[in-house]
Amino acid sequence: MNHKILCVDLDATLLCDDKSISQKNRDAIHKMLEAGHYIALATGRPVETAREVARNLGLNTPGCYMIAFNGAVLYDCAADRVLLQRSLPIEVVQELFDKAKRAGLYVQTYNSTDLITTKHTKELDYYVKQAHISYKISPNILDALEEEPQKVMLISLDQRDKLERFQKRNLKWEQGKCNSFFSSSQYLEYSPKNTSKATGILELTKILNMPMDTTIAVGDEDNDVPMIKTAYVGVAVKNATEKTKASTEIMKKKEEGNQALRLRILFYYGKNRKRLKKPVVKEFYVSSRILS
1 MNHKILCVDL
11 DATLLCDDKS
21 ISQKNRDAIH
31 KMLEAGHYIA
41 LATGRPVETA
51 REVARNLGLN
61 TPGCYMIAFN
71 GAVLYDCAAD
81 RVLLQRSLPI
91 EVVQELFDKA
101 KRAGLYVQTY
111 NSTDLITTKH
121 TKELDYYVKQ
131 AHISYKISPN
141 ILDALEEEPQ
151 KVMLISLDQR
161 DKLERFQKRN
171 LKWEQGKCNS
181 FFSSSQYLEY
191 SPKNTSKATG
201 ILELTKILNM
211 PMDTTIAVGD
221 EDNDVPMIKT
231 AYVGVAVKNA
241 TEKTKASTEI
251 MKKKEEGNQA
261 LRLRILFYYG
271 KNRKRLKKPV
281 VKEFYVSSRI
291 LS
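Using our numbering, you'd call the opening residue of the sequence shown number 1 and step up by one each time.
This list has only true hints and no planted wrong ones.
Calculated cross-link-like contacts (lysine-lysine; reagent style DSS-like; alpha-carbon spacing at most 30 Å): (1) K136 <-> K119; (2) K243 <-> K193; (3) K168 <-> K122; (4) K136 <-> K19; (5) K238 <-> K31; (6) K24 <-> K245.
What follows is a list of derived Cβ distance ranges for each label pair: (7) H30 <-> K162: 38 to 44 Å; (8) K162 <-> H120: 19 to 25 Å; (9) K177 <-> K19: 31 to 37 Å; (10) D27 <-> D98: 46 to 52 Å; (11) S138 <-> A78: 32 to 38 Å; (12) S185 <-> R26: 25 to 31 Å; (13) H120 <-> E34: 43 to 49 Å; (14) K31 <-> D161: 40 to 46 Å; (15) I137 <-> E34: 42 to 48 Å; (16) N56 <-> L142: 33 to 39 Å; (17) H30 <-> S185: 30 to 36 Å; (18) Q85 <-> H132: 20 to 26 Å; (19) K101 <-> N209: 43 to 49 Å; (20) H120 <-> K229: 34 to 40 Å.
No wet-lab data here; the hints were simulated from the structure. The beta carbon of each residue, even a glycine, is placed where N, CA and C say it ideally should be.
Go ahead and model the full structure; you've got the sequences and the hints to work with.
Structure follows, in structure tokens:
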């Protein structure tokens, strides 16, 4: 059997609404790993919080990786080691904070362990509750950063249109400096230039010395679109945004509520691949939101 790489988003894809993972899905992931396949948790989360999800799943064995900060960090879960890291220039971070302040928008960034922002707001409380991350407040953001961060995030809990106007107004400014995209209707993120979950997949295939036709990507949000388009098999879950759905032909239907949904994964078998126009299809449970 040719081994594959499953790159799967976390929030609203692998994780249920309450951030839990069903036992059926846990078992399926471990069966996949036992068969020699690889898994990469592809998330906008920092390594620190995504690592807790990996530990909870028991994904700390060889074959387990993480594409964190929307591709800015590639992490080996088994070795507990960062394999690749990209960052935003400090001057870009400062400009984003200044622009967000003028626009009346909450903004945050990260150091190696904490969320960093300039003041305590309802947006901060909401995010900390969702992400289970510690935070630091510093009126001067540069004083709290020990090195260049991996991303900056703007949050508006009930005015996505305000975030959209901010993004549109700064599209020309961001060219050659950074990338922007929505990771949810409330989060507008800025990452290092030429960086996305797709670049994370490309770098992982190089490290594992595996071709792109071994890759499968699954997601639900706009920040998942690059990896869905780049992977050999791209899957959008039913609760995905319209932009994400439009990036793939593979869509699934619900089964057993939101607790255990099946995903058809393409596995190639040498002799069959030569005889068949289409690859052999195998099914296994991998996500609380992925359907077949």
